[in-house]
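Asks: This is what each chain is made of:
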Amino acid sequence: MSKKFLFGVAVFLLIMLVLVPQILLATDRKDLMSVATSIALNSIIAAGVWLTFYIGRINIGQGAFALLGGYVSAILIVHYDVSFWLSLPLAGLACAVASVLIGLPILRLRGVYFAMVTLTLTEVGRLLAQALSLTGGPKGITNIPPPGALEFFGLTIIPDFAELENLRLGYYYLAVVLMIICFAGMWRLVNSRLGFLCRSLQQNEELASSIGVNVTHLRVLAYAISSFCGGIGGAVFASIVQSIYPNTFPIQESVNYMLYCFLGGLNYVFGPMLGTGVLYLGWDFLFILGQYQLLVYSTILIILILFLPNGLLSVRLPGMKRV
Amino acid sequence: MEQIIFNGLFLGAQYALIALGLTLIFALMNVLNFAHGQMYVLGGYMTYLVYGHLGLPFYLGLLASAVTLLIVGALIEKFLFRPVIRKSVREESTMLLAAGLAFFFDAVLLLLFGQKQHGVPKIMDGIFKIKTETIRLIVPNDRIAIIVLAVVLIVAFILFMQYSKPGRAMRALAQDRMAAQLMGVSVERYGMLGFALGAMLAGVVGGLLVAITGVSSGIGGPISIKAFLMVMIGGAGVVPGAIAGGFILGMLESVGLTTLRDYGDITYLVIFAALMIFLSIRPNGLMGKPWG
Amino acid sequence: MSVALQVRGITKRFGGLLAVNNVSFEVQDKEILSVIGPNGAGKSTLFKLISSFLRPTSGEVLFNGKCISGLSPHTVARIGVVRTFQETTIFRHMNVRDNVIIAHHLRASAGLTGFFLNSKQAIVDEKKFGESADEILEFLGLQECRDEIALNLPHGHLRALGIAIGLATNPKVLLLDEPFAGMNHDETTKAVEMVREVRNRGVTVLLVEHDMQAVMKISERIVVINFGEKIAEGSPQEIQENEKVIEAYLGSEDESIGI
Amino acid sequence: MKTKNFLSLVAGLALTMSPTAFAANDTLKIGFVGVTSGAKAAWGISNVRCMQTRAKWINSEGGVKIGGKTYDIEIITWDTQDNTTRAREGMEKMVQEGIHYVVGPNTDPTAAAVRPVAEKDGVMYFPYAFPKELYSQPASNAVLGMIANYQSGPAIYKHLKENNGVKSVAFLAANESDALSQRAGGVSAAKHLGLKIIAEDAYQSDTRDFAAVVTPIVEEEPDLLVLSGVAGGTAPLIIRAARELGYEGFISAETAQDAEQLKEGAGSLANGFISVGGASTPEIRSAKMEEFIRRYTEDHGKYDDESNTKVYALEYILETLKANPTAIDDVDVFQNAMDDFEAPNPFIKGDAKLRYVGSTSFGQKRQVGVPMVVTEYRDGKFETLFVTNVD
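Chains as they are written, first to last, in our numbering: chain A, 5 to 327; chain B, 21 to 312; chain C, 4 to 262; chain D, 48 to 438.
Please note that a few of the clues may not be correct.
As the list claims (entries may be wrong) - Dumping the calculated DSSO-like pairs for lysine-lysine here, alpha-carbon to alpha-carbon at most 27 Å:
| # | chain 1 | residue 1 | chain 2 | residue 2 |
| --- | --- | --- | --- | --- |
| 1 | A | K8 | C | K193 |
| 2 | D | K167 | A | K143 |
| 3 | A | K34 | D | K167 |
| 4 | C | K220 | C | K193 |
Don't read these hints as lab results, they were simulated from the structure.
From a predicted model like this one, the values you see are computed outputs, not experimental measurements.
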């Protein structure tokens with residue numbers, strides 16, 4: 005790790021953990037605080053999608069896992085009185101387990117076939133949530149209480165969110181810390197031999213298996229990590245809006261996650277973060293255009309793709325070390 | 021039962037038509053055109069304008085839809101898809117472009133035509149009825165006219181692809197890009213033609229179906245997704261596959277809606293879950309070529 | 004000499020088509036054995052059967068006396084039977100050295116978690132792989148283009164890279180898929196040398212090949228198949244004189260026996 | 048035909064770029080958080096247009112006088128895209144803009160999603176979503192902007208049962224949260240009335256050809272077919288399919304419909320279709336309502352019945368503020384005033400009143416009181432079947 009990189013990380017952490025919240029607090033921009041929270045959470049979910057891209061699969065099914073994560077957490081909290089802090093990893097795990105079961109058969113598919121099956125998965129998730137009674141059917145689950153206190157041996161590590169003076173700030177930190185952990189993990193993964201192996205899958209699965217890579221194992225693992233991210237993001241989202249419905253994460257959202265990855269750049273581990281930030285904020289800023297918001301947004305999107313088809317981060321391509 | 025089978029066939033013919041254009045574009049350029057549904061909607065509006073609004077004959081409406089989409093498709097291919105395909109490292113980047121286009125069309129359609137659903141006068145009055153002890157079938161005449169037109173279109177398209185020079189060139193291109201290029205098929209020209217044709221098909225279908233189901237600016241996205249499903253069932257990039265996929269989905273819906281209704285609202289859950297299982301077993305659909 | 008690989012009555016049926024029919028032969032340890040046959044004879048199916056990329060309809064392949072048919076390709080590679088591909092199958096967007104480094108996967112002593120956490124073992128592995136990759140590249144004459152993106156390599160180098168990838172897995176048996184296809188005379192001569200060198204490192208080599216000239220030069224023994232069946236087996240000398248073989252090759256127009 | 052829209056596109060772009068033209072009055076910002084794009088755009092767009100038309104009208108007459116001060120009204124709009132996260136952010140944006148009164152959202156999930164923000168940061172919002180917990184204690188900031196289907200449904204069924212001998216009902220809804228919830232509400236109301244439930248069916252919301260969907264229902268020949276939570280665009284498609292297949296019973300819906308769309312989509316087949324109108328039919332309309340419709344048509348093209356409902360939320364907000372000027376930035380005052388608030392209803396002839404209702408359904412007055420006008424479609428127009436009230 006070069007000094008420059010460490011410096012970059014330090015600056016990033018400083019910005020995300022101190023600068024942004026302080027500026028937003030000072031200027032009293034509550035709305036941007038929650039936009040920033042959404043961006044952080046969406047980038048976690050998109051990071052999962054990005055990882056499946058990294059093993060060469062177009063994933064339009066992340067909404068299903070965000071939904072599953074949201075429901076698992078909501079059900080545990082509302083029906084079983086489980087603490088949010090425990091429900092969060094459990095939501096992620098539930099998604100990972102589900103993704104293994106689903107992934108084993110469907111990860112054999114490639115290209116558009118995989119893309120379409122995952123797209124269908126989003127819809128299956130929605131319809132399933134609607135049909136089951138555990139999930140509250142079409143009425144969803146509402147009135148999810150905010151996260152309680154997290155204590156270890158009487159020591160309060162995280163205060164009760166309900167008593168927070170600034171709930172938004174609480175969620176902001178929660179989301180950003182999760183995002184930092186997520187991307188640190190992703191970065192480590194991609195720059196370890198594991199990432200190397202994922203890349204080998206992306207480029208040629210047959211060759212990878214001929215050099216002894218357990219392709220099935222690896223892609224299921226990647227998919228499980230991906231879904232874990234989706235579940236975590238979904239669970240926090242559900243907690244923030246205190247409700248979850250079958251169509252909280254519709255197909256449109258699944259497509260969005262994919263777009264975030266594309267726009268940021270599929271070859272760059274921080275691509276999904278940048279892509280999410282740009283697209284999400286972009287939409288937000290175009291809010292002033294009223295009914296022309298979508299028109300201008302999509303036009304800009306098309307122009308961006310036209311000139312940077314390999315993602316925003318590809319701008320730095322020449323001078324940068326490949327991830 | 022007869023009614024259910026006819027409904028399934030009718031739905032299937034519509035679906036098959038919608039899927040044709042999508043699969044053509046996919047076969048030629050490996051582009052999953054997310055904006056297909058929006059092109060369908062644009063076609064629907066063109067017919068609505070010419071036939072419903074201006075009161076000109078229906079076939080002129082269809083012609084307007086066809087021409088508009090042909091031009092739009094060609095322009096999109098030349099100025100958007102071609103440069104992106106040339107510059108992108110990973111083929112999937114075109115999906116982003118297609119999705120951006122879908123948003124763009126959605127926005128434009130909404131601004132130009134409003135959020136309201138529009139319909140046109142029936143192209144034909146009267147109802148065809150068979151009612152005996154064993155058979156009970158009621159079909160409005162305009163539906164029959166539409167299904168006949170649909171079948172004619174499908175057949176014409178197949179004949180065109182099979183026997184015309186451009187059709188053969190495009191098939192060669194779809195089968196083996198490299199070999200086709202070596203044989204002197206211009207990828208640029210036929211890629212553009214294929215894209216334009218695919219868009220045109222979407223438009224014509226939109227125009228055709230506006231007579232039955234109307235048109236509304238927000239329906240493009242869902243239609244694209246439905247078309248994807250059919251294409252997957254039959255196998256991506258294969259024309260007979262798309263037709264088969266369309267009919268299968270139509271029949272599944274029609275039969276499922278009748279037989280599964282006693283178990284609650286699970287028809288579509290069952291269909292989608294079955295589709296996932298089917299594709300896991302047959303990763304390339306019924307007759308698709310592997311891709312990826 | 005002991006037997007490295009035994010192919011026993013292997014058969015593969017695709018629907019109604021019998022692609023490989025009851026083929027048996029043995030590969031001796033550290034031998035160079037070629038499988039030849041006219042176009043469409045079932046060579047590549049046989050090749051895939053041996054490397055376990057296809058599951059035989061009946062029959063089996065034994066490696067050191069143990070059955071490897073039906074195992075997944077990566078397990079077979081782990082056991083020591085590794086295949087190469089024809090030229091386009093490389094990690095296209097990685098540089099040459101990375102291609103070879105990653106192929107050291109099987110030699111890794113650290114587990115996936117170890118890699119993720121960058122454990123001491125993983126670091127040691129990484130260093131070892133780098134050294135070994137450099138050595139292999141040097142050995143195959145690729146050291147000059149080690150930083151090139153694989154996609155941009157010229158023909159001949161791509162073959163070498165394929166073999167380098169195979170070698171990096173530390174195979175006991177290396178299966179080469181048409182290693183000389185599309186090469187000119189000089190390139191072939193060089194490649195033949197290369198394959199010999201590989202064998203001299205103690206690797207058993209089984210190759211499937213079109214180029215008769217090269218095959219005759221390099222092989223110690225040859226197995227000939229036609230229409231999915233083995234029609235001859237023996238030294239290059241014997242094969243050249245075999246009536247059935249000549250007939251098989253004369254029967255197909257576009258092939259010359261090349262003697 | 049849509050040159051007008053095209054022009055307004057250009058004009059609109061120009062407008063958004065230029066700074067606000069009026070500076071004389073203070074500005075009172077009212078928010079709109081709802082869906083104006085995608086498949087459900089129709090719900091929100093009619094909403095937002097009503098607000099804009101009314102605001103423009105008020106401003107052109109010199110603004111609205113609240114507590115001695117005159118305000119120009121500015122409508123701040125936010126498209127939720129029917130997405131919960133975006134909806135919540137929209138509400139945050141409203142909070143940021145210092146807005147305390149918001150109209151929308153238009154669907155159950157988005158309404159639930161804005162609730163935490165609205166309740167915490169003191170925003171009164173007027174959703175067009177039916178979940179009762181939004182309006183019942185401990186929730187206090189949501190006001191149902193229309194008549195819920197569990198209120199109008201029973202009235203229609205009862206009417207048909209008593210006057211037309213309807214005995215059996217089939218329910219049909221889109222396969223999604225809002226519509227299914229409304230179907231459940233309708234079913235329980237019908238059961239309560241002793242009607243026989245023949246079918247509870249659902250269709251995928253992207254369905255365009257309804258022949259396959261309605262065939263099994265038509266074969267069971269129910270006396271009444273209820274389209275639960277049906278969108279304005281979908282209703283004509285279903286009606287046409289059912290009628291063409293030979294269905295002869297009644298068809299009704301508990302959402303406001305659009306005569307124009309019914310006419311284009313189903314023609315004379317839609318005759319006799321019963322729906323809960325937008326609280327205003329020609330018979331009961333006041334001159335002011337006629338004027339509103341004229342202005343709406345001038346600005347946005349065709350007027351629809353849906354908008355009859357949506358004209359009310361803004362009026363309620365303004366009237367309540369006029370009566371309680373301090374509520375302008377204190378929603379507690381607003382809430383306290385709701386129980387006794389009363390003002391003349393400008394959109395209806397006679398001495399109709401604006402007052403909050405909903406005690407029966409929610410245990411507190413958290414619903415705008417509009418007349419429940421049940422209409423019947425005939426040849427391109429809605430005719431009043433009967434008029435009644437909630438509570």
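Asks: All hints, please: hold or fail.
Replies: Here is what the structure says about each hint:
For a cut-off of 27 Å, the pair hint linking K8(A) to K193(C) is broken: about 46 Å separates their Cα positions. For the hint pairing K167(D) with K143(A), the CA-to-CA distance comes to about 23 Å; that is within 27 Å, so the pair holds. Proposed proximity of K34(A) and K167(D) is supported: the alpha carbons are some 12 Å apart, at most 27 Å. As the CA atoms of K220(C) and K193(C) are separated by approximately 12 Å, the hinted pair is consistent with the 27 Å bound.
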